[in-house]
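S.K.: Sequence:
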Amino acid sequence: MELAEARPGPAFTVTLDDREIEARPGQTVAAALWAAGVTSWRSTRGEGRPRGVFCGIGVCFDCLVTVNDRPNQRACLVPLHPGDTIRTQEGTGHDD
Numbered sequence: 040m041e042l043a044e045a046r047p048g049p050a051f052t053v054t055l056d057d058r059e060i061e062a063r064p065g066q067t068v069a070a071a072l073w074a075a076g077v078t079s080w081r082s083t084r085g086e087g088r089p090r091g092v093f094c095g096i097g098v099c100f101d102c103l104v105t106v107n108d109r110p111n112q113r114a115c116l117v118p119l120h121p122g123d124t125i126r127t128q129e130g131t132g133h134d135d
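Just so you know, my numbering puts the end of the sequence shown at 135, numbered straight through with nothing missing.
Careful: at least some of the hints might be erroneous.
[What the hints assert, rightly or not] Label-pair ranges, simulated between beta-carbon atoms: (1) A50 to R84: 28 to 38 Å; (2) P49 to T83: 35 to 45 Å; (3) S82 to E61: 21 to 31 Å.
None of these hints come from the bench; they were simulated from the model. Quick caveat, the model's predicted, so the values are computed rather than measured. Cβ coordinates follow ideal geometry from the N, Cα and C atoms, glycine included.
All chains should be modelled from the sequences, with the hints used to inform the complete structure.
M.R.: Right, here's the structure in full:
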């Protein structure tokens with residue numbers, strides 16, 4: 040932040056699977072999770088393989104997560120707001 044002379048607003052908290060993590064204004068779900076050391080937050084439907092960010096631009100759908108009870112949100116595109124609730128996701132995020 041010093042090199043870019045960035046001056047983000049104050050940090051706020053969001054919840055990932057009942058764990059509070061810190062986020063900054065303008066961060067996406069993926070950026071905040073990476074900053075918190077979380078690199079995988081979804082498992083595939085068939086074999087349960089871990090997934091996180093792959094393309095980072097909303098094309099691949101590997102980073103799907105449930106945000107505020109809405110499944111299948113692309114973590115790389117969804118901006119965070121204070122108090123948001125994020126849940127890791129298995130498969131499609133629905134009871135299938």
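S.K.: It remains to establish, for every hint, whether it holds in the given structure.
M.R.: Do the hints match the structure? See the list:
1. A50 to R84: 28 to 38 Å: holds (34 Å)
2. P49 to T83: 35 to 45 Å: holds (37 Å)
3. S82 to E61: 21 to 31 Å: holds (25 Å)
When held up to the earlier numbered hints, the structure conflicts with none and fits them all.
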